[in-house]
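Residue numbers (my numbering), protein chains in the order written: chain A, 10 to 297; chain B, 1075 to 1336; chain C, 4 to 341.
Some clues are possibly wrong.
As the list claims (entries may be wrong) - Selected chain C positions facing chain B (Cβ under 8 Å, derived; list incomplete): (1) L139; (2) L208; (3) N216; (4) A222.
Stated by the list, open to error - Per the computed footprint, the stretches of chain B lying under chain C, defined by three or more beta-carbons under 8 Å from a beta-carbon of chain C, are: (5) 1112-1123; (6) 1145-1158.
Because the hints were derived from the structure by calculation, they are not lab data.
Predicted model, so just to flag it, every value in this text is computed and none were measured.
Virtual Cβ for every residue (Gly too), placed ideally from N, Cα, C.
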Amino acid sequence: MDILIYGTINSVALALYALGFAMVYGVSRLPNFAHGSLYVLSGFVTWGFLNSLGLNYLLSIILAMIATAVIGALIYQFVLIRVRGMEISEIIASYAIGLAILEGLRWGGFKGMTYTLPPFIEGSITIADISVDYQRLLVVGIGGAVVVCLWLFTRYTRIGLALKGMAQDERAAMMLGIDSDLMAVVAMGFGSMLAALAAILLLPLGNIVVESGYNVLILAISVCIVGGLGSWIGAILAAFLIGFAQILTAVYLGSHYQMVVALLAIIVTLIIKPSGLFGRQKELEERV
Amino acid sequence: MTIEPMLKVHEITKTFGGIIALNRVSFDVHEGEILGIIGPNGSGKTTVVNCITGFIKASSGNVFFRGKDITGKAPHKIADMGITRTFQVMRPFYTLPAYKNLVIPLFSPRARRTGGWRGGGKLGDRNTVSIDILEEIGFERDSFVPYKMTSSLPTGYLKRLELARCLSLKPDLIICDEIFSGLSMSEIASMVPLIERLQMDGITLIMIEHRLRELFRVANRIMVLNFGEKLIEGTSDEIMADERVKEAYFGSENVEEVMDHA
Amino acid sequence: MNLTTQRRRERIDRGIKIRTDGIYAMMSWRELSYLSAPRLLLIFGMLSLPLVMPGMYWQRVITITCIYALLALSFDFLAHFVGLVCLGGAFFVGIGGYMAAILNTSFGLPPLLTIPLATVIGAGVCTLLLLPCLPLRGVYFAIVSLMYPLFSARVIEAFDIFGGTDGILGIDGFSNHWIEQYFVIGATLLFLFGTRRLVNMDIGLVFRGVKDNDQAIKASGMDITRIKAMAVFIASAMGCLSGALLVHIYMWSGISQFALDFSILPIAATVIGGGGTLVGPIIGCLILVPISELLRDFGTLRIVFYSIILVGFIVFKSEGIMVYGQRKYHQFERWTKV
């Protein structure tokens, strides 16, 4: 029973990490290797607003999310857009930016275990003999709400539909009058905001450390590859698969094998079905 | 007793999403003959070639080569068996001399087994063999043409280079994808004897063409494709007499018949 | 009505370059020196570096530069000649390093044996492990190759094998630090000129075909995955060599070999130095590593520093120093009226 609960919590967490990455890749085909760094950055920004500026928690959160979204969009607008289409340059450039942000934060003195964000609600509740923090329940709840909101957004709003159109077929979208460059910037902004949201929900469960930037990136990529790069449903499903696999491993083998599971999942996916669960793209060399 | 055809294509179907590119196409190719495949644009000619040579996996159907089922095999394995093809869009090494382009095919296991075109057994010095093959193809040996930069060669020579690439593998079957396209009349006039010579040397050929007059000079049989279906198969006279072929190329005065196909 | 005359830039090969392109290059001393001067400059320059460097610290820097240079060379070879962008160079370093460490400590082999053995066996191991990823398209391969070193570090940490987080200690060093220096520099130069030779030989054309003309390769009956595997073997050999050299220099082998440094700096060096030239990455390392050492006081700021430079170069001027230099050397530009 506790596997079920912790598995769900872990899976939702993974899905939250991965959604931002999946969105950016789905819309603009950019593998955003700076994703993890935006996650950590938003955590520190929230901390800054909260502690150094003494703002209200809710206000800090909202400001941090907006700030991260803007930073992400700016990065795309001024740097990444120039290498749009050159896949390898995109990867290297976004990786380098992510690296610069993370190591810059490390140099700026943001190291050690002292940076934390307070949870929204203290205390815990007992479900079926297991004590679960309210914060963790909130994660699941808000995570679910986010997915529903995203679904509604891409179905009923103009921008959402534009993003969805671009994800399906960029040329067709352009022919319909959708500005693909602008949409790519918007997607990056949204993806960054999702990263910030994940950070805000999940960082209160632990500390804000720079290392988690790399971990989040690895987990997000693992989930997206297993689910199929570019598929949002696939990412969610894969998050659950890997999430439960991780918890099972932690229970039966030991908790330090969790990362290994994620990376193993990538290799297994590549060998069996490289395009992932719902991937629509040709990941193998196929040229006529 | 009927001789087993060298290549047997059986009910090949290929769909790309909702588009039916090939619809149960079947035909045979006999050893030593030249089969022409014609049809208007979009009729599926190149798709058939891609399915036979393994560059595309057919949705259903089979391809048999000398009795063996080669459906769905990887392209390099099919080439290793002796089926080679030319490409409509050529990608030679433009910054290298012409004869260096044959280095890649001469490196293949098949070329090393058979010694390359006209080779007896083991492959000799690659450069020499390369120049020999180019001479066969029509590059004058004593001139500096084989040594010229590939980027400076006209289309006629580049097409021959494609054929040379196929010949390096000492193939049994060559599939030529629009090899006459982009050539001037004189270039075609000098290609035709080359094709005839290849046939005399025992190579079977499938030629996809738009230039019908030149094709009819060399081909033994013609097959017509239209909208992914085989319309008719026969000699060039039989083909030209058929109403449906004329309709496929020139359209019909009868609107209903045209709408049937759309 | 007055039309302004427009001008455009025209680039023409220098006379001496055209003359030296063909077989008649050996006609005069001037032409010979035109061709060989840059190469000789590089060789003698690098060989004399240990002699001019003030003190042990800087000599160590030269050695480290060469180690990064080998990695950058392998990246350039794979990326610009075979079309495989391998972002996980650190994987090769780690495997090679650990292999040498184990051969030395558990089997007691001297460095002279461990280094070649680690290079070859390590390359085999790396190629085998990368085998499932070889058929993948560019982006996918890049992403997955990035994961490999991270994966390995965590596996070692999790299973606590090969010394776990402490690493393997007590590895023999080179007997004499001059041998150490020249061995490393020699290896670097050897592989540099060896790889240059390789890509111009016939087998090199097959590798380049994977990048430029893969339909010809497939249609000629050769298995692309096997060719890629061969290329990865060569590149990983260079990486494993640098790893093996590293552990013998520092006399220690640990997880840090899988660190980002070894992945990102070779890429930065290649981009700055000029990809596709094989010598550009070496130049890039000669520039970046000393600067990185100078910035060592600033801690991880140096990673920030070369990340930003990397981004700058990739986005704004992806030509690279060597490519720019070659162009200037071989061609001259002038403005002509249109």
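Status of each hint after checking the structure:
Of the supplied interface hints, the one on C/L139 is violated, with its beta-carbon coming no nearer than about 16 Å to a beta-carbon of chain B, more than 8 Å. The closest approach between the C-beta of C/L208 and any C-beta of chain B is roughly 5 Å, which is under the 8 Å cut-off, so the hint is satisfied. The interface hint given for C/N216 holds, since its Cβ lies 5 Å from the closest Cβ of chain B, which is under the 8 Å cut-off. Look at C/A222: its Cβ gets to within about 5 Å of chain B, closer than 8 Å, so that hint holds up.
By the rule of at least three residues with a Cβ nearer than 8 Å to a Cβ of chain C, the coverage given for the region 1112-1123 of chain B is violated, with 0 such residues. Coverage of the region 1145-1158 of chain B by chain C holds in this model, with 7 residues showing a Cβ closer than 8 Å to a Cβ of that chain against a need of three.
In the structure shown, a violation is registered for the earlier hints numbered 1, 5, in ascending order.
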